[in-house]
Structure formats: structure tokens, C-alpha cells
Amino acid sequence: MSPGIERGEIVNTGCRIFLVSFVALGLSWGAFVIAPAIQLGTQKQTSVLNSSEIYPEQRPGDATMGLQVYRRAGCAACHTMQLQQDGVQCDVVITGMGKTPGAVSNLLSSLSLKSLDKDDAQSASDQITAAGGKTEIHIVPTGGDVARGWGSRHSVSEDFLWDYPVQLGSVRMGPDLADVGSRLGSFSWQLEHLYAPQAVTKNSTMPPFRYLFVVQKPVNGVPSPDALQLPAQFAPPAGYEVVPTMAAKKLAAYLLSLHANVPLHDAPFTMASAAPAKSQAKKQ
Amino acid sequence: MNENVKIDPATSATCRVPLLALFGGAALWLVVGLALLLLASLNFHMPGIFSDRGWTTYGRMLAAGNDAILYGFAIPAALGVMLWILANLSESELVLPLVPVLAANIWHFGVLVGMAEIFTGNSTGFQWLEFQRGGSVLLFAAYMLIGISAMATFGARRERTLQPAHWFLLAALFWFPWIYTSANIFLVAWPVRGVAQAVIDWWFSNNLIFVWLTLVGLGTAFYYLPKFAGRPLQNQPLAFFGFVTFILFATWCGIPQGAPVPAWFPAASTTASILLIVPILSFLAVFVKTVAKANTQCKGGPFCYMKFGTTAFIISGLMLIPLGCPRFGVLAQYTEYAQAQTYLQILGFFSIVICGAVYELMPDAVGIQWPFRGFIRVQHWLFMLGLAVLVIPLAIGGIEQEMNNYDFKSGVVFMQISSAGLALLLLGSLLFAANIFVLTMKWKLGLAKSFLGVIKCPLESSEVKS
Amino acid sequence: MSNDLKDHTPAPSGSPGSGPALPVWVFSLTLVLLFLGGVYFDESSGWFNAQVYKPYTDANQLEAYQPVSGAAAIRAQGKLRYDMICAACHGPNGEGKPGQAPPLAGSEWVNDSAHTRLIEIPQLGLNGQVTVEGQSWSLSMAPMGAGLSDSDLAAVLTYVRSSWGNKGDDVSSDDVKTVRGGIAGHPAIPGETGLKAIKE
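From first to last, the protein sequence lines are chains A, B and C.
To convert, note that position 53 of the first sequence is 53 in this note's numbering; the numbers rise steadily by one, no gaps.
Throughout, this note's numbering is defined as the position within the second sequence, counted from one, plus 1000.
Throughout, this note's numbering is defined as the position within the third sequence, counted from one, plus 2000.
For the record, the hints were derived by calculation from the structure and aren't laboratory data.
All values derive from a computational prediction rather than experimental measurement.
For glycine and all other residues, C-beta sits at the position ideal for the given N, C-alpha and C.
Mixed in with the good hints, there may be bad ones.
[Claimed, not checked] Quick look at which bits of chain B chain C covers, simulated, 3 or more residues with Cβ under 8 Å:
no.	region
1	1254–1260
2	1264–1270
3	1276–1285
4	1440–1446
Could you put together the complete structure from these sequences and hints?
Structure follows, in C-alpha cells:
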């Protein structure tokens, strides 16, 4: 560096200050505004690994509107949608003992099959195959969020392709919701939980969202089919019923539409079943 | 208040009204913001307390409180201090003094509009950028008006050499319009698709809260510290090196380590966080060398504010660096640790430095002493204590929460303790607001008196004037 | 003590060396950290690849962890073909289509311990009456699988026999090859009688 810089003289005019600031801010602007707008902003649908299924599908209409309820209620102040994956490991799964089961089981006693890295898993698999057995290598994501059962893999940008505004959140005062639709897939459960969290989750610290519900006398004496079934402690006074508003139903539909449970090229893992994951979630 | 500082009477005369307009609203918003945060935190004591109305829901009160502090208090107060320092460094009057008065009113009205939008549920949904179009257009217009006045004042300077305060304040002046328009264009006006929104929001909030507030806060501190300490800023080249490396590296921080974006985003943030050690240590060295041999006691006055504020910045910067580290960052990013760092940056470092500057400059600008001088020392202690009670439990609770497998029930106790910190801060901010309010009243009363005097006996008063 | 405004202006630029210099530790620290930061970025960024997310650090590692080996891959390959060709009539979950195509889930023909019949059906087609799970179907299935390669057909059949509760053995492409060699030029299988006539 020249002596001028060392004494700070190079910035002795306002123009130079602006130039230095322009370069400094411009670099990060290019990297964190323009680059994501190009790289992530032009992203398209992809397909689920080893399947012709397109991912992500557009959310149903009420779920799309439910995202706006989520935004209005400020749910992102306490909930993230960013599943973490600390690592990945391989499990070797025996699918058949073949024609020489004795040789294979001898081999198995000397091999470890769980929590391997890819190379070790491949070599174990090769040895078993050579002995006549049949194996599969399962890709298993690891990490706190996976262990807690919050999801099966890390979140990727495709999960949020259709959302505006994307509500990733920044603080976890409550559990991560990226895969909540697969985890807690019942519409009535979601509604009851919104009305009285402690009624369905004993230790919940979540404040209730009673303003999304109406406590009313049954209209014309006919109980509403939507009325919540609540434990006595949380139930309304006798002769009244708790009915969700449209907003509550949309919010619940949105929560049910949150799935991050299919393997993608950028988030690979082995699914437990060959059946498509989405239809499993529908059945629940 | 420092009797040795010479102030050009023309500077005081022209700055007076704009500063009163900017600081008056700012003090009010600080009280409102802290009160909202305190109310929001009552949810941790009584979860059902605000559940029957949409506008009192936790998410809205938190966003409104945060924005009232950032947009209502921090930015207008910063702009006022910036105008004052630029005018003083130029040794000239404030150019176009009525423009900032107008701008201050537009700004505070814009914040009001934005707050109303948050409470009615019409926020944008992007953290730290919750104001919708209506509010943000007003804020931008007001900022540009103040910017015109500030640049004109800078251009009219008699002393051509730039001071360290100049580097920081000019960079800050230039920073905000760029990041604010970028964020609003890409997130609100013509939103980009998918997760790119989140990346741009992180970039914006890091640039506003970490970079912009630091530029103004350190510019102010580096202007006042040498005056209070009675010796020049020690090792100006080091301060300059710190400035350049800070704006080069700090702008790249802010992407969470576990964000659902391709790995190069968080990796770039990590690299920047590692490099951030350089400017922070440089600033620390400049600060310690300048202040260490000062032979003045601070006695709870503005000097104390500057020292405390700068120390809070060093801690806030050192708290930010581990957030960028892959291991610790993943552990702490979603816990209250990150929130503790943000609050330390805004309420610890920035508010303290700016309050200190306001306490120092207003008597000179208005020509009236503070009505409650004892409050200055009390507020200093209240803020120190309040921050300790707010930030330390949040930081510890954050770490504990992740270690504890996100047991939310046990984590709530840390939030409950931190409510007490917010209450202390609210008390301190009330003292600040009371001082500014009564000062303004006194000044208006004085104005009315002299005006009445002119009407009653014009001759006499004109003789007095001459 | 003079606190005059001008007392901290820098030294006049005409006197080189008079002002304080930048300490050496700052340079060294910056260089060291630049190096460390560069190494970290090189190792973990995936160099701007849009597919590489944490915890993966580069594209090659990501490729290595794609689940494409062993039976899982065969089933996945089978699912891909099944969804394209068979699912239109037999349903994405093998539930069948009333009046058109019998279910595959739980079907005794699918779960048959021998699989020669199952290999022949998609290659030759099936015309006539067949009883599946106690229900009688009158079928006219075209040879939908005749165009598939040995390995693709084997994968489809393996997928069908191991999904939706089915518990049949895997079908290898060698099996398909053997059967295919023996039935070249045969007409469509004439219903259940024809199926039962196929020798295992």
C-alpha cells in the first residue's frame, strides 16, 4: 500500500468516499441481490428423485390464501421453515440372503452396516453381494431436526417456489413448520390447536389464536358441522359452539400443505416406502 | 454541554428546528416501540392474554415494536445527529434548513402509516421491511430531502480536509437509499420468485441494522470521543483501514448458516464473518487508545454514553462473528441468541451513542439547558442494567435451548426474565422523552414570550436585540 | 486542554512519515484471515453450484449420495415406467379401474410365487375372462409392455410385486429375457384358461 493510503489521505475527498462505498456495497449487492434473483428467482419445478412426479405442485387455492393469514398473524415471528441437516450417512440394508445364507450371515457378523460413509457402505455392499446376498444402500439424513422428527431432509429453495411472501422465519419459539403437513396432517387437529394449543399439546407455550374463531349459539339450533370438539376444560359454555372462521380454515389448509418430505436431486435420501409420499400424507 | 467546544451560532440557529422535529418524534417512537415489545413479551407470562383481537397478536406487536424502534427512533435520530455533525464539521450553517423540518414530519407520518399497516395485518411479511408501499414511499422521500440538505451542507464546508466522522457519515448517507430501494423493488414492487426473497431480505436487514447503524453510530462516536477525551483520534490510518474493511466485509454477513439456499450463500457469509475480526479489532484499538489516557471522568454524562455505546458495538460485533461460523451458527441461529445480538446492536450500541450525542448537542443547538439534568445519569444506568437483563438471558437462553433439544417450555423462563430488561429500557426511554419534550416546550414558550414581547413593546425589544 | 474542533485534523500531507502508521499486526491478521476465509470458501461453497446445499460441499459429493444403487434404484426405475405406462389403467397405487383394469395391489396373479405368467401378460396382452381377488373381469389388454427393454420390464414387475402390500420376489432381467425368447410370435393370452395353461 502507498503511504497515502496508510495515512487515510486517499479518501480526502467526498467523491472518493462515495467511490469506496459504491464498490463495497455494489459487490455485496451483486452477490446477495442480483445473483439470487437470477439463480433462485428463475428456478423452475423439478422432479422428485427417481420418479416422474413434479415438485413442487402449486398449493391448493385455500392453502395459498392461508399463507396470507400466516403472514397477517405473524406466525413467522416464532416459527421457522428451515429444516437443518447436519450430515448424511449410509445404511446397508439386506434385502435377501441369496442361495448361500450361511456365507452371508458369517460375513454380516463381521461387518458394520449402519451409519457409514458412502465408500464404506459401497464396499460392505460389494462384499455381501459377492457372497451371494442382496443389499440396498439407504441414504439417511442426520441432524437434530431429523432426530426430533420435524422433517426427513434439509429444506431447499424448491420447497418455497410458489410462495409470496416466503415466510422462512428467523426464531424458533416453537417447532419448525417446513414439514408440518406430513407430521400433523389432520385438519381438525390443526384447528383445535389454533384455538387452544394446550388442549392438544399439553406443554405448549403457544398463545391461542381465538380471534380466528367465533363462539356462537348454534344457528337455528342446528350445530355447525365445523364446530370444534374440545376437551371440557377448553370448551365454550353450555349451549355454545366454537366455529372456525374462513381465515382459520385457510390457515389450517396452508399448514397441511407444508410438505418437505420427498427426495430431490439437491436433497437426496432413500424413502422408506416405494409409494409416493404425497398420497401417504393424504391418507392420514 | 462541553463548554470547550466552540459552536458557530449560525449552525445552532439553522439546526435548531430540524433537530427538534427529528428528535421529538424519535423519542416518542422509542417509547412506543419499547412499550410494544414489553406488551408483546407479556405473551410469555400469560399466553392467552391478547388472543381475542387480531391486532394485538404477538407477531404484529413484535413487528410493530421493532419497526417503531428502527424506523421511528433510530433512523430519524441518526439523521438529526448526522446533520448536526456535518454542519459543525463544515463550520457553516445548515443549508436549506426548512427542508429537513418538512422531511422530519413526512418521515414520522410515514412511520405512523407503516405502523397502522402492520396493526391492520397489511405488513409485507418481510422481517425489518414490514412497511407497505404507502409508508415506505414517504420514508424514502423524507430521507432524500434530508440527504439533499446534508449533501449541500457538506459541499459548503470551509475546511476541505475530511475527518473520520465524514467517512462514516457520508458512506451511511449513501448506503440507505440503495439498500432501501433495492429491497422494496425486489420484494414489494416486483417481487422475485421463491427463496431469493429471503436472501434479499437478509441482505437488507444486515445492511441496515449492522452496517448502516454501525456507520452512523461509529461516525458519531469517533466525532465525539476525541472531543471528550481531549486528544485526537489515535491512529487515524487504523481507523480508516477499519472503515474500509468494515464496509467491504460487513455487507456480506447476515445469511443464516442453515438457510435453504445453495451452500455458497452461507459460505460467503462465513468468510465475511471471519474477516470481520479485522475491522472490529481495528475499531477496538482506536477506541481504547483514544479513550485510555483521557483525563476526564465521564460522570454519567454523554462521554459515558459514548464509551458504553462503543463497547456495546464491540460486543455486538464479536457476537455476530460466531453466528457466521458453521458449527456455532447452526446451533444458535434460530434461538434468542441472534435476537440478543440484534437488540444489543440497536438498543445497546446505537441508541446509547445517539442518546449521548443528543444530550450533548441539544443544549448548544437550542440554547437551553436540559430541564432534568439528573435524568441523563439515571437513563445511562437504566439502559446499562436493562440491556444486561435483556441481552444476557436471551443469549444464554438461546444456547440452552438448542442444547436442550428445543424444549420450548423450559426456554420460556429466559424470555420472562428479559421482559424485566425491556421494562427498565422503557423507563429509561421515558426519561429521554420527558427531557426532550420539556426542552421543546421551554423553547416554544421562550419563542412565544419573545414574540409577545415584540408585539407589546417593539421598540424596546429591537433595542435589546441590537 | 484544548477541545477545539480542528485539533484532530490529520497531519499536513506535505510531511511524509510524520503521521502514525498502520500497525503491522493489522496487515498480518488480514492476510491470515483472508487465507483462512478463502480456504473455507473453497472447501464448502460448492462454487456457486445451485444444486449444492449444506451439508454437501461440492457437486461430486452430492452425486455420490444420490440413492441409485441396488434394489432401491431398480424399484425407482420401475416406478418411473409404471407411472408412465401402467398407472393410467391400473392406478398410481395399483388400485385398478372399475370395469377396465383389475387391481394389482393384493392380486393373486401378481403375488404368484412363480412369475412366468406375470412376465408374459404385458408382452402378449390378455383377452377374455379372468378372476382377480374373487371378482370376475372381462379384459382386453393390449401388449403394453412389449416395447420395454428386459431391464425396464423387470424393474416394473419388481416394483409392482414389492409395492402396495404385495410380497412377490424380484424379477430379474434374465428371467424376462428367457421368457421373451420362448414366446416370440405368440398371440394374446386368451383369458384365465390361457393363463393357467402357461407352464411355470
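Going through the hints against the structure:
Proximity of the region 1254–1260 of chain B to chain C, defined as three or more residues with a beta carbon under 8 Å from a beta carbon of that chain, is established by the 3 residues found. Residue count for the region 1264–1270 of chain B with a Cβ under 8 Å from a Cβ of chain C: 5. That meets the three needed, and the coverage hint holds. Coverage of the region 1276–1285 of chain B by chain C holds in this model, with 5 residues showing a Cβ closer than 8 Å to a Cβ of that chain against a need of three. For the region 1440–1446 of chain B, the proposed coverage by chain C is not satisfied: 0 residues have a C-beta within less than 8 Å of a C-beta in that chain, short of the threshold of three.
The structure fails to meet hint 4 from the earlier list, while all remaining hints are met.
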